[in-house]
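Each chain is listed here by its residues.
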Amino acid sequence: MPSLPLLSIDGLSLQFRTRDGIVRALEDVSLSIAKGETVGLVGESGSGKSVLAYAILGLSDAAARITAGAARFEGLDLLAAGESSLQEIRGREVSMIFQNPKVALNPIRKVGRQLEDVLARHTTTPRAQLPERAIACLAEMKIPDPERRYHGYPFELSGGLCQRIMIALALACGPKLLIADEPTTGLDVTTQASIMALVKEKTRDRGMATLLITHDLALAREQCDRIVVMHAGHVVESAPTELLFTDPRHPYTRQLIAATPVGRASLSDLASIGGSLPDLRRGDLPACRFSDRCAMRSPACAAPLPEQRGEARTVRCHRAAALEPSA
Amino acid sequence: MLLLIARRLLGALPNLFGIVVITFLLTRALPGDPAAFFAGPAGTQEAVEQVREKLGLNRTLPEQFWLYVKALGSGDLGQSLSTGQPVREELLTRLPASLELVLASLLFAVSIAIPLGVAAARRPNSWVDHACRLVTTAGVSLPTFFTGLLLAYVLYFLLGWAPSPIGRLDPYLTAPPTITGFYTVDSVLAGEPQLLVASAKQMVLPVLTLGIFVLAPLARMTRASMLAVLSADFVRTARASGLSSGTVLVRYALRNALLPVITTMGMVFSFLLGMSVIVEKVFAWPGVGSFALEALVASDYAPVQGFVLTMAVLYTLLNLTIDLLYVVIDPRVRLGT
Amino acid sequence: MKNDTPVAVLAAAAPANMLPPPARKFWSHARYVLSDNPVTMLAAGLFAVFVLLAIAGPWVAPYEPLATNVGPALSAPSASHWFGTDALGRDILSRVIVATRIDFVIALSAVLASFVTGGLLGACAGYFGGWLDRIVMRGCDMVMSFPLFVLAMGIVAALGNSVANIILATAVVNLPFYIRVARTEVNVRREAGFVEAARLAGNGDARILLVHLVPNAMPPMMVQVSLNMGWAILNAAGLSFIGLGVSPPAAEWGIMVAEGAGYIISGEWWVALFPGAVLMLAVFTFNLLGDGLRDLIDPRRRT
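Just so you know, the protein sequences line up as chains A, B and C, in that order.
Those letters in the first sequence? Residues 0 to 326, per numbering that gives the first Met the number 0, in order.
Those letters in the second sequence? Residues 0 to 336, per numbering that gives the first Met the number 0, in order.
Those letters in the third sequence? Residues 0 to 302, per numbering that gives the first Met the number 0, in order.
These are calculated hints, taken from the structure and not from any lab test.
Treat the hints loosely; a few may be bogus.
Claimed, not checked - Stretch-level coverage of chain B by chain A, calculated; a stretch enters the list once three of its residues show a Cβ under 8 Å from a Cβ in chain A:
#, stretch
1, 232 to 244
2, 249 to 261
3, 321 to 331
Claimed, not checked - Okay, the calculated beta carbon distance ranges per label pair:
#, chain 1, residue 1, chain 2, residue 2, range
4, B, 327, A, 147, 21 to 27 Å
5, A, 61, B, 323, 33 to 39 Å
6, A, 83, B, 126, 22 to 28 Å
7, B, 320, C, 159, 33 to 39 Å
8, C, 75, B, 133, 27 to 33 Å
9, B, 72, C, 75, 56 to 62 Å
10, C, 140, B, 55, 23 to 29 Å
Since this is a predicted model, take the numbers as computed values, not measurements.
Glycine included, every Cβ here is placed at the ideal spot set by N, Cα and C.
Take the sequences, apply the hints, and build the full model.
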């Protein structure tokens with residue numbers, strides 16, 4: 000990459016202490032996002048995608064512990080930063096939007112006021128001008144009748160509208176990186192499309208980088224420049240989008256793609272991925288967490304995974320070279 | 000919104016009616032001759048006949064009920080035999096003392112319970128959390144009369160910190176002129192700070208006793224509610240937006256967490272009003288509760304009935320206030336989900 | 000060959016398990032929760048001690064509880080009188096022990112009465128709905144418009160001082176809780192599959208209610224019972240303290256505290272403290288037990 004990445008995650012490992020033992024939720028995760036780039040983070044439910052996003056912003060559960068690695072945003076290691084530094088960065092430099100927008104907004108506070116809270120926190124807008132600016136933010140997100148919507152409460156608004164408001168909240172202070180955690184799950188298809196179109200437009204207009212977390216591979220293919228595939232807390236493959244789909248190297252990626260409905264494929268054409276995610280509380284987890292489900296498994300797979308090599312494409316699999324390029 | 004308020008007010012009417020019915024039935028449940036009860040142990044035959052006539056005991060039950068309601072409507076709650084005054088006068092004179100006690104205890108309980116519950120929720124399994132759980136479990140087990148006596152013994156007899164538990168004011172001092180009936184407030188209004196201090200000191204033991212009992216359910220509810228809210232999605236969004244910890248805690252988390260706590264207030268008032276009777280006895284507090292107890296000992300029944308009625312009406316009004324408060328502060332109720 | 004059927008084979012293979020599977024699972028779950036929660040174990044132990052005292056009290060007490068002048072009046076705790084003596088020279092320890100029975104009997108009777116009555120009323124209201132439901136709910140609302148202790152006071156004052164009246168008053172005041180719980184549980188399950196099946200099989204309403212619905216409503220009501228016991232004891236003691244209810248010279252925790260109240264100020268603390276402390280311990284035991292039961296039955300509702 001010609002310039003320094005905006006966000007650079009390096010060998011991040013994270014554990015949860017629970018009643019039933021230690022859950023090794025993330026292990027040796029590395030990925031980077033360049034300025035203005037849209038990166039998709041895909042994988043099954045439980046693969047650690049959201050955990051990673053929360054860890055970046057310091058929003059992890061109290062039981063979480065970072066055991067290794069760094070997450071550098073413009074050079075600053077977010078994982079080592081104190082809470083007050085993080086509070087400066089959240090919402091202003093790095094923002095996040097979530098799924099289920101209706102419950103992700105304060106139910107007893109007017110949405111306009113919630114916008115004002117963020118604006119007051121990160122900008123020097125004089126108090127008298129806050130309502131005006133909040134309404135302007137709403138208008139920018141193509142919310143019709145913004146003056147009226149300002150006074151609305153989340154329970155009065157539709158899911159799509161709430162998501163637009165959440166995007167307005169996230170973009171109000173012009174962040175450089177937007178993390179979108181399953182932003183369209185739970186919305187109907189047309190709304191999904193309009194939300195993603197909005198995100199794409201704003202991203203482009205502002206030169207903003209986006210980390211799109213989703214389990215929907217088709218969506219990722221549409222929206223992202225690069226895709227990172229996760230499985231059970233590991234990054235297994237990352238590549239520019241088209242390359243990933245035309246030439247997937249990791250057995251898991253191949254199965255994911257085969258399981259994704261595309262075009263007019265019928266359900267019977269879809270192949271489900273055998274087995275299930277390994278129990279991350281086990282003390283004896285294999286070096287490759289996919290090996291127990293993998294058809295290509297060989298004795299060589301017990302060895303530690305290969306280091307990430309190259310920037311454009313990484314595959315963490317001992318058998319990658321043995322795979323024939325798929326059609 | 001006015002419509003909602005009106006509807007709540009109307010909803011309270013059946014409760015008030017029910018209260019009147021039950022208090023009426025209680026008098027007719029007196030074993031033996033109700034007239035003899037109301038005329039008292041010293042009543043002559045004529046007095047008993049008079050009472051019988053007045054209560055309409057010779058007539059049918061519905062007619063008696065109507066007489067009762069009519070009497071209530073004109074504010075006639077009967078006569079107290081032991082003091083010779085109309086029950087209504089006695090109750091009205093003594094009500095401020097009880098109210099002052101109850102409100103001060105509520106204030107005390109809330110000012111401890113809510114911060115305690117919030118602190119416990121923010122740091123689960125810390126010593127604060129364990130202390131909170133201890134307080135809540137122990138608090139509801141404490142018999143109020145026992146707590147009162149224990150506190151009196153330790154704080155007054157052993158340590159000498161609290162004044163003697165003999166009522167609202169040291170007998171050598173005179174009460175401030177009555178405006179609200181609350182000695183503390185009236186002292187301020189009359190510009191007599193030493194009276195304020197004196198009356199406040201007398202309130203320490205009874206307020207502690209009554210407050211400790213209701214501290215428990217309040218702290219428990221605050222903790223549970225706060226725990227739930229702190230892990231809610233919208234709090235996560237607020238934190239992700241970089242809002243300061245203070246804003247997130249108070250403006251986002253606490254305001255939402257307090258809603259279920261306000262619902263608990265109904266139960267809290269039930270305890271406060273009920274246990275105030277006991278506290279008034281232990282500390283010789285001249286409120287409506289001790290009035291009823293003195294009357295009971297003297298087999299003087301009309302004050303007891305008046306007392307039950309008053310407390311029930313007060314309770315209903317307090318619950319109504321809570322309902323209305325909800326309408327005002329929760330937009331989901333106000334705008335109708 | 001009937002011995003070849005799967006059920007017969009299984010039955011033959013497991014003769015030692017006398018309990019049917021669901022009950023067995025409950026007890027092993029109970030053991031797990033109890034062992035996981037030492038506090039509940041402690042409460043269960045204390046409960047057992049109290050029950051023993053309630054049953055065997057008079058035989059365990061060192062002195063006659065009503066006998067006066069077994070020791071010097073108002074003497075402090077000593078080797079011969081562990082809890083000291085009161086103004087009439089009665090041994091406080093004996094009185095405290097014997098009082099267990101009265102207070103437990105009162106609390107148990109009251110809670111049982113409201114449990115059964117409230118449970119049935121609530122179940123019927125929830126099942127049949129209509130005017131029965133409305134009347135029952137109105138009745139509940141009427142009772143609940145009073146601060147509970149005040150209503151209990153009113154009832155005992157009206158009906159007269161006796162143990163039976165305390166039980167009645169406590170039961171009446173507790174009724175609404177049981178009615179509501181039973182009503183909700185039955186309401187929720189009224190249209191459930193197994194009820195439909197029973198109806199189709201020709202079962203009458205009474206049978207459906209008693210055999211199918213009420214047992215399902217039991218668990219939440221059981222939790223309520225334990226918590227109520229604690230409150231019922233406090234209620235009874237409170238009523239006795241203010242002079243309504245058990246009369247002297249009977250030994251009851253509330254009365255004993257009342258008798259000792261006057262002496263607190265003059266320093267004879269033991270007359271009121273011991274009955275009060277034991278009372279507190281009993282209530283505490285029931286509350287802990289109730290919490291433990293709640294965890295056992297529905298861990299999600301743990302506070």
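Structure-based check of all given hints:
1. For the stretch 232 to 244 of chain B, the stated coverage by chain A holds: 12 residues have a C-beta nearer than 8 Å to a C-beta of that chain, and at least 3 were required.
2. Counting residues of the stretch 249 to 261 of chain B whose C-beta lies closer than 8 Å to any C-beta of chain A gives 5; at least three are required, and the coverage claim holds.
3. Under the rule that three or more residues need a Cβ within less than 8 Å of chain A, the assignment of the stretch 321 to 331 of chain B holds, with 4 such residues.
4. For residue 327 of chain B paired with residue 147 of chain A, a C-beta distance near 22 Å keeps the hint of 21 to 27 Å intact.
5. A beta carbon spacing of about 38 Å between residue 61 of chain A and residue 323 of chain B agrees with the range 33 to 39 Å that was offered as a hint.
6. For residue 83 of chain A and residue 126 of chain B, the Cβ-Cβ distance of about 25 Å falls inside the hinted range of 22 to 28 Å, so the restraint holds.
7. The beta-carbon spacing between residue 320 of chain B and residue 159 of chain C, approximately 36 Å, falls within the hinted interval of 33 to 39 Å.
8. Between residue 75 of chain C and residue 133 of chain B the C-beta distance comes to about 30 Å, which sits within the given range of 27 to 33 Å.
9. Look at residue 72 of chain B against residue 75 of chain C: about 58 Å separates their beta carbons, and that is inside 56 to 62 Å.
10. A C-beta distance of roughly 28 Å is found between residue 140 of chain C and residue 55 of chain B, which places it inside the suggested range of 23 to 29 Å.
In the structure shown, no violation is registered for any of the earlier numbered hints.
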